[in-house]
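Take a look at the letters that make up each chain.
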Amino acid sequence: MVKFLKPGKAVILLQGRFAGRKAVIVRVFEEGTRDRPYGHCLVAGLAKYPKKVIRKDSAKKTAKKSRVKCFLKLVNFTHLMPTRYTLDVDLKEVAAGPDALATRDKKVAACKTAKERLEERFKTGKNRWFFTKLRF
Amino acid sequence: MLFSVCCVLLLLVVVVVLQKKSTDNINNKLQLVMKSGKYTLGYKTVLRTLRNSKAKLVIISNNCPPLRKSEIEYYAMLAKVTVHHFHGNNVDLGTACGKYFRVCCLSIIDPGDSDIIKTTVMSAGLSAASPASCSVLWCRYIPWQFGVASEFGCSRN
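Heads up: the protein sequence lines correspond to chains B and W, in order.
With this note's numbering, the residue at position 10 of the first sequence is 10, and numbering never jumps.
One rule links them: number in this note's numbering = place in the second sequence (from 1) + 136.
Calculated from the structure, these hints are not laboratory results.
Glycine is no exception: its CB is placed at the ideal position from the N, C-alpha and C atoms.
Misleading hints may appear alongside valid ones.
[Stated by the list, open to error] Quick partial rundown of chain B residues pointing at chain W, CB under 8 Å, derived from the structure:
id	residue
1	VAL2
2	PHE4
3	GLY39
4	PHE77
5	PRO82
6	ARG84
With the hints as extra help, turn the sequences into a complete structure.
The structure is reproduced here in structure tokens:
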């Protein structure tokens, strides 16, 4: 009786190209929209997870290993597996307007900002579960 | 030490008695819900109602595939909804709902005139489904000052 599909919730994608990838809900469209008449949400996820960084690595190597490739996607709720984890990353400007994913340039720009946010969160060492690949 | 043992035995007796009565009770309550309340039958709709937080109670048959069962339980844990494990398979649950088909899981949205929600929440409190929540709930009923709870390592998890 508690709504749990809220912005900040970590989810795992179940279908599509990014199946098995972890993502965080950025914006929720409960009732759907005209184009998508079903409950869906905008998620920002990790297309490429950061590699494992060890103590031996030089600064250059660490920087290279901590890189993340991000994706933004509108996903149906039924294609998500919610988890008990949350990721309170400030992705508000990513989901700015209803047309954040309208044109290709906007999408690329939004992806870039999401990538920066996720990378800096990874570097702090918090939310370690989110940045580890799900083994299946 | 002896008092805590007596406490545990009393609790077990109470749980057994309650479970005995509730197997036939749940069928009657379910009948009332079918008549007067709102419900959905089936895995897809159960997940849908859990997602949009309309579900108040979820009932799962005992021959539900374990992966599906744990998935529903996980969703219910996130949504803070009680899950009742029906003492019967999907055929029995279908019959209990008054349907001529098998029902593996169902979700009650509005109990109508029935008090099924209250009674299942009560009995779920005494004999919880998952072991983790079981240990937490069990700890609540043992008096803390006897130090029994700390022996079993009860903690907020």
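task = Using 8 Å as the Cβ threshold, decide whether PHE4 of chain B counts as touching chain W.
result = holds, 4 Å
inquiry  = Does the closest beta carbon of chain W sit nearer than 8 Å to the beta carbon of PHE77 of chain B?
reply    = This hint holds: PHE77 of chain B lies near chain W, its Cβ roughly 5 Å from the closest one there, short of 8 Å.
ask   = Should the hint that PRO82 of chain B touches chain W count as held when the rule is a Cβ pair under 8 Å?
value = holds, 6 Å
key: Restraint satisfaction for ARG84 of chain B [CB to CB of chain W, less than 8 Å]   = Check passed: Cβ of ARG84 of chain B comes within 6 Å of chain W, closer than 8 Å.
task = Classify the hint on GLY39 of chain B as holds or violated, based on whether any CB of chain W lies nearer than 8 Å to its CB.
result = holds, 7 Å
inquiry  = Quick check on VAL2 of chain B please, does its C-beta sit within 8 Å of some C-beta on chain W?
reply    = Cβ of VAL2 of chain B sits 5 Å from chain W, so the hint holds.
Checked against the numbered hints above, the structure breaks none of them.
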